[in-house]
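J.: Residue-level listing of the chains:
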Amino acid sequence: MAISEAPRPGVESPAMGRTRSDVSGFVRVLQYSAVKLVSIAVAVVIAVYLTILVANMGGYVDQMRIATIKENVGMWVYQAEEFRHLSGAEKRELIDQFAQVQIQALRLDQPFPIRSLRYLWNGLTLNLGYAEGITSDSGSRQVQHILLERLGPTLLLQASASILVFVTALFMGLALSRGYGSFLDRLVVALAPTSSAPAWFYGVFLILIFAALLGWLPFGGMVDAPPPPNKFQYFLSVLKHLILPVAAVFTSTIFASIFSQRTFFLIYSSEDYVEMAKAKGLSDRAIERRYILRPTLPTIITSIALSFITLWVGNVTLEQIFNWPGLGQLFWLASRAVDTPVIVANTIIYAYLLAITVFLLDIVYAIVDPRVKVGAEAQSN
Amino acid sequence: MSLKKWRWTPVFALALVLALSLTVGAQTRTGAWLDEVVFVREPNQAQAITRLEVGDIHLYADTLSNAALFQRVEASPFLTYNLSFGSYTELTFNPYGPEFQDGRLNPFSVPRIREAMNMLVDRDYVVNEIYGGLAVPKLFATNSAFPDYARYAAAATALELQYAYDPVKAEQIISEEMEKLGAAKVNGVWHYKGQPVEIIVLIRIEDERLALGDYVATLLEDIGFVTQRLYRTAAEASPLWIAADPSLGLMHIYTGGWISTAIARDTSYNFTQFYMPQGQASPLWEALTPPEEFVEIARRLEHNVFSTLEEREELFVKGWEYALKDSNRIWIVDRQSFTPRRYGVQVAADMAASVQGSWLWAPTLRWEGQVGGSMTIALPNTLVEPWNPIAGSNWVFDSMVQRGTAEDAVVLDPYTGLAYPRRIERAELYIQEGLPVGKTLDWVDLYFVDEIVVPEDTWYEWDPVEQRFITVGEKFPEGLTALRKSVVYYPEDLFDTVKWHDGSPISVGDFVIGMIYGHERAKEESAIYDQSAVPAYQSGMSVFKGVRITSTQPLVIEVYSDAYALDAELSVSTYWPQDTYGPTPWHTLAVMFSAEASQEAVMSAAKASLLNTDWLSLVSGPTLDVLKRHLDNLRASNSIPFGNFLSQYISAEEAAERYANLTRWYQEKGHFWIGTGPFYLDSVHPVEGTLVLKRYEGYPDRADRWDIFAEPMYADLEVEGPARVRQGQTARFDLWVTFDGEPYASDLISDVSFLVVSSAGEVTVSGKAEYVAEGLYEVVLSGDDTAALPVGASQIVGIVVPIPVAKPTMVPASFVVTP
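Line by line, the protein sequences are chains A and B.
Note that the numbering used here has the first sequence beginning at 1, numbered continuously upward.
Note that the numbering used here has the second sequence beginning at 1, numbered continuously upward.
Treat the hints loosely; a few may be bogus.
To be verified - Below are the DSS-like pairs computed for lysine-lysine, each with C-alpha atoms no more than 25 Å apart in a straight line:
| no. | chain 1 | residue 1 | chain 2 | residue 2 |
| --- | --- | --- | --- | --- |
| 1 | B | K628 | B | K669 |
| 2 | B | K325 | B | K169 |
| 3 | A | K231 | B | K694 |
| 4 | B | K669 | A | K231 |
| 5 | B | K180 | B | K169 |
| 6 | B | K628 | B | K768 |
To be verified - Residues of chain B placed beyond 12 Å of chain A at every Cβ, according to the derived structure:
| no. | residue |
| --- | --- |
| 7 | R265 |
| 8 | E525 |
| 9 | T550 |
| 10 | P790 |
It should be emphasised that the hints constitute simulated quantities derived from the structure, not laboratory data.
A virtual CB, placed ideally from N, CA and C, is assigned to each residue, including glycine.
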């Protein structure tokens, strides 16, 4: 998409009746959307297939898995008392039989290129099917169960933290942009580099202080053990367990986020049209709302939309540190086990969410920002 | 009378009442000591230690081997630990050669070079610097904590001295052999056909083997080899060593590791497993070329081709010698792992598999001196895979929880591996004359007989079409004999005292169904056929000769087989409704089989993958709804599994009661997991990673029944004697054997022996120490003995082999021999 800057924001496009140019504009939008959809679809297919190839090391993982199966079966057969009476040749035959059953069950007897295409097709058609190795915590092998089981905890943790960070950063950024150069402003600028450390880093310290030393909050997990039978107590217990991981995410991102928003608002605050509005004598609130916040909306929407999509992948290390049963831990487990159906499902859902978001964002931009035009019209500007 | 004088009386009275009630409670308590055990998930070992220290958890059921964490536990005033000895480390050599396909030289194709590697590696350095002291040097495949090592400890010690660290000698041998191969040193580097000799060291990275691999590579560089270090995980390394064609030379040395999950009382198969071409289905093993004599020794040991235990000892020690000469792998250390817990937590831990691998953790776990209470145990993972007793999760962490809810007919001694009766009265074992079987405990009567004929009415094989057993008479009209017959007598009151957790009394049906479904799962005509069950079934049938129920009240079961173990206690076939992964009441099995027949949920992972359906779990997940539906159907029809046959053992009333009990249990607990163990599974929280076990009040055994195993009785040994001994003079040494500071009872000691090692490193005298008094043994070296010792520093090594634990205690003491 080509984006062109209109001369001024906040100025409505001239109203026009249904003319020939309207129809051609609609056709342009359709054409643009079709091209965009196709390009996104191609990108999704390529990305997912690349994921399959990378996760399986181009098919080498098959060799690793077959070797591992034979190794494990061999060790088991040789150590098991019930096979003690067999001769060496009989044991070898037994090992081959056991290994063959597992190899067939995992379809490792089929060539990887064929399986890779089936993984791709199943993924693209959202036929998530069954995992090859891992199971959900409740014991299901259905990929959708495996993902859905972990989605709730991840959303709870990541969404709580993201919303908290987003809202705080937005309001603090706006406030600091008004008080540029104040002590608070300088403090935030000074603290912004603290965000270079990841959330798990702060998590470790928070656990040490609030769980190990003070004993005020739990070390990790999602709820007390055993979980309270009463729903309200369960809710309170989850809240208690949320505090430290959310605090870790918050601490690790808040200062950079505030700094970024504040800088962003400052840039827009110094635009000519803002100066013009000030000269016209408009109130600060009206200037903020109409001349600063509105042109920043696309960026804010993009930021929040993308941050919500990234919730899908969870936070691998943070979830490990806090023993939080989320998608991050699941993805780590699936990668270690090279459970391709789970990896593909995770990737395809993320890819679809990203593709849909990118596609919709274009439309949203056009709605919220009058400077944005599409297709040939934009190019002619 | 002054009131002041009596003011403490009520306090004393209260204390007395409390103490008395505690004592009485301890004496009358049945089942578990604890009221509740909560299992939580904690994958992070360091965090687990912190949580233990602050009392957030009370036991961390994992085997840790990190030296820094061990130091933390040792330094903590709140923590203690159990040691276990189940894992060991070695270096595997690629024996192909002398040249690989591409012409590169493989020095390890020469047995003498491999043998010399034993002396090149400083195992003490490895133990202290790499394993932080959490290991013991190892020279043999036999685990030094297992009975076979204890049996032949003196011979083992002599060989250990012979192959002690001697880098000069090792380099000299390697140099000799390299020159014979046509290699030459150029500027301190071995060259072959103009190229430097490069050794590929395949190094596992998950544990201390990373440092071990680097250490070995450095040693080889120091003696003139060029090394290439390949750092790989288990899965990445597999295609390069066990699955690779050794002639390609993808590796020369691999840092291998092995695990024993239980104490093996007979490890004679090790020689075949580790040194013979048929040891593994792997190209690397196929390349092994052991000498003929060694092959024969391995064969005889593997198949018990000897008549006396003395003959076995001779074979075993010879096997060790050949293994060292051949050295297609050299053993480095037996690792010691620790399982941390808070002080005050008392539990029986298996010597090989620690607390989580012990069958006795549940009845012995308690707060010291306390009856009742709750305890929180953290596991690295919980509910790893679906739970079902036949082919469900085999993860040790799941198994630990499952074992708390279950029991078997016998209990394995966690420190020796011997079987003790738990739900059987006694047993008779008939062995064909001439087979090397002995017994230790009184509950088995051992008889040697000329021939064991299998009666015609013995059940041999199940017919899934006709739903009946085919008898030995039908299958083998010419008659059938067996090498072993065991007769197990169950208690008279078995069916009155033992109840499933849902309240159903245990019945003969629970036993008989266990004799059927193994056949059903392996036969294609069956609705529950599972391809993955076939190989093990066929293997079992190759020695199985039949089973016969000679009485149902009391229950008496005869089993005929060609398989036997050296210990009579381990040769008895004991039926109990318990499969590899959990308890098997017939009514739960009926529900599982019904679900499997419909293919809505199947018991094994392999079948689930093949059919693209769900793997059956009795405790959580989508298969619970499936099982509930099938339970409702069975209850409505009141059908008995394999009804044509089993209805003679299970009445319609029993079936109705069982299904009603299971329905009620599911409504109350939300799962189908029922056993007869000291705890029942109260609740399962899969996403939260939490399981709650509660004490089963209907458990018939006294809580203190297995307290004898609460603490391993490792022997402490002190050797006292003269610091100087003149050649030709008599010398006396005292061996003090104690446990917890008290003399070790002599009836609990199998052997006290000694070795004298000269300053030249040779064993000059060995023998048994003489009993003097409880806890005291003496060794007297005669004038001839001391005259044979060269002048210089000598050692006497005392060796104690206790009966209650398999691990021997060996302590050296030095003395100077003067002219």
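J.: Evaluate each hint against the coordinates.
T.: We went through each hint and held it up to the structure:
| no. | hint | result |
| --- | --- | --- |
| 1 | K628/B - K669/B | 13 Å, holds |
| 2 | K325/B - K169/B | 15 Å, holds |
| 3 | K231/A - K694/B | 22 Å, holds |
| 4 | K669/B - K231/A | 17 Å, holds |
| 5 | K180/B - K169/B | 17 Å, holds |
| 6 | K628/B - K768/B | 65 Å, violated |
| 7 | R265 | 10 Å, violated |
| 8 | E525 | 19 Å, holds |
| 9 | T550 | 24 Å, holds |
| 10 | P790 | 44 Å, holds |
Violation of the numbered hints given earlier is confined to hints 6, 7; the remaining hints are satisfied by the structure.
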